[in-house]
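J.: These are the residues of each chain, in order.
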Amino acid sequence: SQTIHQWPATLVQPVGSPLSLECTVEGTSNPNLYWYRQAAGRGLQLLFYSVGIGQISSEVPQNLSASRPQDRQFILSSKKLLLSDSGFYLCASALGEVSYNEQFFGPGTRLTVL
Amino acid sequence: GNSVTQMEGPVTLSEEAFLTINCTYTATGYPSLFWYVQYPGEGLQLLLKATKADDKGSNKGFEATYRKETTSFHLEKGSVQVSDSAVYFCALRAQGGSEKLVFGKGMKLTVNP
Numbered sequence: 001s002q003t004i005h006q007w008p009a010t011l012v013q014p015v016g017s018p019l020s021l022e023c024t025v026e027g028t029s030n031p032n033l034y035w036y037r038q039a040a041g042r043g044l045q046l047l048f049y050s051v052g053i054g055q056i057s058s059e060v061p062q063n064l065s066a067s068r069p070q071d072r073q074f075i076l077s078s079k080k081l082l083l084s085d086s087g088f089y090l091c092a093s094a095l096g097e098v099s100y101n102e103q104f105f106g107p108g109t110r111l112t113v114l
Numbered sequence: 001g002n003s004v005t006q007m008e009g010p011v012t013l014s015e016e017a018f019l020t021i022n023c024t025y026t027a028t029g030y031p032s033l034f035w036y037v038q039y040p041g042e043g044l045q046l047l048l049k050a051t052k053a054d055d056k057g058s059n060k061g062f063e064a065t066y067r068k069e070t071t072s073f074h075l076e077k078g079s080v081q082v083s084d085s086a087v088y089f090c091a092l093r094a095q096g097g098s099e100k101l102v103f104g105k106g107m108k109l110t111v112n113p
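Here the protein sequences come in this chain order: E and H.
Be aware that the first sequence starts at 1, since it is given in my numbering, and climbs by one per residue.
Be aware that the second sequence starts at 1, since it is given in my numbering, and climbs by one per residue.
Just chain E, with the same shape it has in the complex (with noise of 0.2 Å):
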């Protein structure tokens, strides 16, 4: 089955500052790709999906991106950091294009923007 790993585990970070999250995944190759934000108390707000290398599928207009340099790598990133983008973010894997294959989840980011 696959592994996901993020880092940070945890980010504090002041108003106006830039950001980079990581992804990376093990045990698949060609999945699709997923970033993920919960907000405090909320449900999940899918950001990006991405279907292969460079290709990036943005859910909502804001200040962040994201880049898959890598077959198994996601990067989350944002070059002014707003309050309003604290929550935890979730990095989500699945194979393919098949109905039933889940997606399996990393263990998240907290980012707390003060």
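What the hints contain is simulated information worked out from the structure, not anything from laboratory work.
One should not assume that every hint holds.
[Claimed, not checked] Residues from chain H shown here face chain E by an in silico Cβ test under 7 Å; the list is partial: (1) L44; (2) K49; (3) K105.
[Stated by the list, open to error] Using 35 Å as the maximum straight-line C-alpha spacing, the simulated DSBU-like pairs for lysine-lysine come out as follows: (4) H:K100 to E:K80; (5) E:K80 to H:K108; (6) H:K52 to H:K105; (7) H:K77 to H:K52.
[Unchecked claim] Estimated spans, in silico, between C-beta atoms of each pair: (8) H:P40 to E:E22: 22 to 30 Å; (9) H:T71 to E:G27: 31 to 39 Å; (10) H:G29 to E:Q55: 18 to 26 Å; (11) E:S65 to H:T70: 24 to 32 Å.
Please read these numbers as outputs of a predicted model, since none were measured by experiment.
Note that CB positions come from ideal geometry on N, CA and C, so glycine has one too.
Model the placement of chain H on the given structure of chain E, informed by the hints.
T.: Relative to the frame of chain E, chain H by itself:
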């Protein structure tokens, strides 16, 4: 479009109580259906899934049956434990291999001893 509606809670139960979390969906065709669980401070874990009508997914004492006629996938457990305290998400992935999972808003369950 595709959507998932589930009970949002929060819900507090006593240990050994019966649990039902309702989930209904809207989708074309035959989506695959999932229940995910999120323990405090962690990522999501797949709890169970069903990929076609009348399938029953089960795991750790939890069960859910894919009901096409009522477009539902309700989660049940006969006797909850304190360790079941978590947030539960219902989700679907559309037939035809859509890249995305569609999640419900999640329901927080607290089980007291």
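J.: Could you check the structure against the hints above and give me the numbers of any it violates, in ascending order?
T.: Number 11 only.
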